[in-house]
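Peer 1: The chain contents come next:
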Amino acid sequence: MTRVVRFHEYGTADVLRIENIDVPAPAADEVQISVRAIGLNRAEVMFRSGAYLQEAKFPSQLGYEAAGTVLATGGDVTGFTQGDAVSVIPTLDMSRWPTYGEVINIPARYVVKHPANLSFEQAAASWMQYVTAWGALVDQARLTADDFVIVSAASSSVGIAAFQIARSVGATVIATTRTSAKAQALLEAGAHHVIVMAEENLAARVDEITGGKGARVVFDPIGGPAISQLAEVMSVGGILIEYGALSSEQGPFPQFAVLGKSLTLKGYLYTEIVGNDDALARAKAFITEGLRTGKLDPLVSRTFPFEDIQEATRFLESNEQIGKIVVTL
Amino acid sequence: MARAIRFHETGGPEVLRIDEVPTSEPKSGEVRIRVHALGLNRADSMYRTGRYVIEPKFPASFGYEAAGTIDAVGPDVDGFAIGDPVAVIPAFMFDEYAVFADLAIAPARAVVKLPAGVSWEKAAATWMPFTTVWGALIDIANLGAGDFVVLGAASSSVGLAAMQIAHHVGATPIAITRKGEKLEELKSAGFTYILQTGADDIEREILRITDGQGARVVFDPVTGPDFEHIIKATCKDAIVFIYGALSHDATPIPVMHILGKHTTIRGYEFIEVTSDDRKLARAKAFITEGMSAGHFNAQIARTFKFEDAVDAYRYLESNTQFGKIVLTLD
Numbered sequence: 001m002t003r004v005v006r007f008h009e010y011g012t013a014d015v016l017r018i019e020n021i022d023v024p025a026p027a028a029d030e031v032q033i034s035v036r037a038i039g040l041n042r043a044e045v046m047f048r049s050g051a052y053l054q055e056a057k058f059p060s061q062l063g064y065e066a067a068g069t070v071l072a073t074g075g076d077v078t079g080f081t082q083g084d085a086v087s088v089i090p091t092l093d094m095s096r097w098p099t100y101g102e103v104i105n106i107p108a109r110y111v112v113k114h115p116a117n118l119s120f121e122q123a124a125a126s127w128m129q130y131v132t133a134w135g136a137l138v139d140q141a142r143l144t145a146d147d148f149v150i151v152s153a154a155s156s157s158v159g160i161a162a163f164q165i166a167r168s169v170g171a172t173v174i175a176t177t178r179t180s181a182k183a184q185a186l187l188e189a190g191a192h193h194v195i196v197m198a199e200e201n202l203a204a205r206v207d208e209i210t211g212g213k214g215a216r217v218v219f220d221p222i223g224g225p226a227i228s229q230l231a232e233v234m235s236v237g238g239i240l241i242e243y244g245a246l247s248s249e250q251g252p253f254p255q256f257a258v259l260g261k262s263l264t265l266k267g268y269l270y271t272e273i274v275g276n277d278d279a280l281a282r283a284k285a286f287i288t289e290g291l292r293t294g295k296l297d298p299l300v301s302r303t304f305p306f307e308d309i310q311e312a313t314r315f316l317e318s319n320e321q322i323g324k325i326v327v328t329l
Numbered sequence: 330m331a332r333a334i335r336f337h338e339t340g341g342p343e344v345l346r347i348d349e350v351p352t353s354e355p356k357s358g359e360v361r362i363r364v365h366a367l368g369l370n371r372a373d374s375m376y377r378t379g380r381y382v383i384e385p386k387f388p389a390s391f392g393y394e395a396a397g398t399i400d401a402v403g404p405d406v407d408g409f410a411i412g413d414p415v416a417v418i419p420a421f422m423f424d425e426y427a428v429f430a431d432l433a434i435a436p437a438r439a440v441v442k443l444p445a446g447v448s449w450e451k452a453a454a455t456w457m458p459f460t461t462v463w464g465a466l467i468d469i470a471n472l473g474a475g476d477f478v479v480l481g482a483a484s485s486s487v488g489l490a491a492m493q494i495a496h497h498v499g500a501t502p503i504a505i506t507r508k509g510e511k512l513e514e515l516k517s518a519g520f521t522y523i524l525q526t527g528a529d530d531i532e533r534e535i536l537r538i539t540d541g542q543g544a545r546v547v548f549d550p551v552t553g554p555d556f557e558h559i560i561k562a563t564c565k566d567a568i569v570f571i572y573g574a575l576s577h578d579a580t581p582i583p584v585m586h587i588l589g590k591h592t593t594i595r596g597y598e599f600i601e602v603t604s605d606d607r608k609l610a611r612a613k614a615f616i617t618e619g620m621s622a623g624h625f626n627a628q629i630a631r632t633f634k635f636e637d638a639v640d641a642y643r644y645l646e647s648n649t650q651f652g653k654i655v656l657t658l659d
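In order, the protein sequence lines correspond to chains A and B.
Numbers 1 to 329, taken from the numbering used here, label the letters of the first sequence in order.
Numbers 330 to 659, taken from the numbering used here, label the letters of the second sequence in order.
Hints were generated in silico from the structure; no laboratory data involved.
For each residue, glycine too, the CB sits at the ideal point set by N, CA and C.
Watch out, some of these pointers could steer you wrong.
Per the computed footprint, the stretches of chain A lying under chain B, defined by three or more beta-carbons under 8 Å from a beta-carbon of chain B, are [as the list claims (entries may be wrong)]:
#1 128-135
#2 245-255
#3 289-301
The following label-pair restraints were derived from C-beta to C-beta distances [to be verified]:
#4 537/B x 11/A: 35 to 43 Å
#5 607/B x 232/A: 58 to 66 Å
#6 236/A x 624/B: 27 to 35 Å
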C-alpha cells in the first residue's frame, strides 16, 4: 500500500486526506518514481476548490510537481534506470498523473533527470514555474536584453521564476506588488525595480524607469481591471501575456490602448509548451542549462512534512510566502 | 496649373473647394500622377472636421487613394515610366502627401503598377482595404484553406475586401452586421454566412456554422458588448484582430476562455504594413495577383465627378453606401 493525498468533495484544505491505495505498475510509457519532494501549485488549490479548467472525479488525486528517484520503468521507456534522480514536468492532466503521493507513475515524456547540484526540494520546485515563465517570456514574447518586462503578482513562484528567466536573457525586470510588505524581498529575489501598487503611480514609475518608452512585455496572472492600467504603460507593439484569472472582477478591455499601440493580449497556459514536442524539448534544454549554471535558482519559501499537507496548502493560500512551498517525504 | 480639392476651414462637406494650384515637380523618390479616379475614406472626413490624428493647416489638401497614369518621374525612381497605369497605396499622412488633385505627387514606394483590365474606379478603391486585410489575415494570421474567419462590420470596404481575400485563399468568411438592411447586399456581394447583432445569437450561430469548432480568425473594427460572444465562438489558438473601436460601449473580456484556448487578441493598424518596405512589397505582389486572377473586385457604392466632391462626402457621411465612393476625372 502507498500513501497518497486524495479528496472526496470540493472544499477548503480540510478536504485533503492521506489515504492508502495500491499504485499499479507503470504503463509501457511511464516511469514509476519514489517521491522525495512535492512542489505545491495554485492550480491544485483551484482544482480542489472546483474552480479549475478541469473537473474532478471523486475520489480524486492531485498534483503537478514532484522529484524523487526512479523505482521502475515501463516496457517502452528508455534512458532511465532505477535509482536515477528525476523530477516531473507538469503533465496535461493532474488527476490522471498525480504527484501528491509516496509513489507515482508519470509518462517518461514528462520526466527529467535534473542536474546533480539540485536538491530534491529545489527540483520539485523548478518545472512548473520555469516552464511557465520560459514559455511566455522567451518562446512567445521573444524577450531580449533591450526589453523591459513587467511581472505582476511578482511574489508568486512563477513571478520569481520570471525574474530569473528575464535576467538570463538580459532584460530589465519591473515587479509590481500590492503593498510594500514584500518590496524589499522582491528586490533581493532579482527584480531590478519594484512598484508598490497601493502607494505608487504605475504610469509615472514605468515612464521614469523605461525613459518614457514603456514596457514591451507584461506577464500577468491577475486579469480584471488591472489589464487596462497595464496596457497604458506598454510600448508600441507590446505583448501582455495573461496566465491566470486571480481577479474575480471583470475588467473592461482596453481597446483604445490596444488599437493605438498595436498591442497583443494573449491568454497563455503552460500546456501550450508541454503539449508540443518541439517547445517542450527547447524548454527542457533552456531550463536544465539554467539550473546547471545557477542562473535559475529555485527559491523555496518553506518546506512541510507530507503529513502536514493541509497546513502546507493553507500556507500557500495565505499568500504570505515568497517563492515555492514544498512538501517532503 | 493643377486643380486640388482643399478646405480653408474645418466643417461639413460644404467647406470643400477646388483650388487652382501650381503644378509641382516630383523630387527625389517621387512620381507625378495624372489622376483618373480617387477613393474616398472616412479619414478624409475626420481630417476635414478636425477630428483626425493630425490637425489640418489651411489651406488643407488631403486624399489617400488615387489611380491614374505616370505623368513625370523624379530622380532616383526605378521601375516607373511615363504612361504606366498605377494606383497609390496610402503609405503617408496628409501633411506629407495629398492626392486629391488632377495632378498628384506621390512617393514611389507607395505607388503600384496596375495589372491589365482593371478600371480606374476599381483601382482607386482597392489598395486601402485590400492592403489593410492582407496585413492582418494573410501576413500575420496566415489564413488558408479550411479556416473560418469572422468579419465585424462586414459591409465596410475592408469587410468586403476581407471576404474576397478569404475566398481567394480557400477560407470561409462569416459576416457580422448591425443593420438589417445590409443583409441582402451582403448576400449578393458573396457571403454565405451572415449574422446580425441584436437579432442572432452570435456565439451559438458561429459554433453551428463551424461544426462546433469555433472560428480561428476574427477581424473586427467594432468591439463593444458583442465582442465577448465572438471570442467565445473561437477555437484553440485563435487570433482576434481589432482594427477599430466603433462601439463606444464597454468591452468585457472572457478571461477564462482566453486562458483555456490561448487566444491572442491583437490591435492592428494598416501602418504596420505601409511602414515596412518588405511587407509592402509582399502586399503589392499578393493583391496584384488576386486582381489579375479576377478574384479581387473592390465594391463601388457610387461614382461622382471630381467637381461634385461635396455631394460625394455628404453621401459618405450618410452611412447608407455599400462599398467605396469614388470620384472620377477625365
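Peer 1: It remains to establish, for every hint, whether it holds in the given structure.
Peer 2: Here is how each hint holds up against the structure:
Proximity of the region 128-135 of chain A to chain B, defined as three or more residues with a beta carbon under 8 Å from a beta carbon of that chain, is not established by the 0 residues found. Note: the region 245-255 of chain A has 6 residues with beta-carbon separation from chain B under 8 Å; the three-residue rule is met and the coverage holds. Counting residues of the region 289-301 of chain A whose CB lies closer than 8 Å to any CB of chain B gives 0, so the stated coverage by that chain is violated, three being the minimum. Look at residue 537/B against residue 11/A: about 38 Å separates their beta carbons, and that is inside 35 to 43 Å.
Restraint check, residue 607/B to residue 232/A: a C-beta distance of roughly 31 Å breaks the suggested window 58 to 66 Å. In this structure the supplied range 27 to 35 Å holds for residue 236/A paired with residue 624/B, their Cβ-Cβ distance being about 34 Å.
Hint compliance for this structure: hints 1, 3, 5 are broken, all remaining hints hold.
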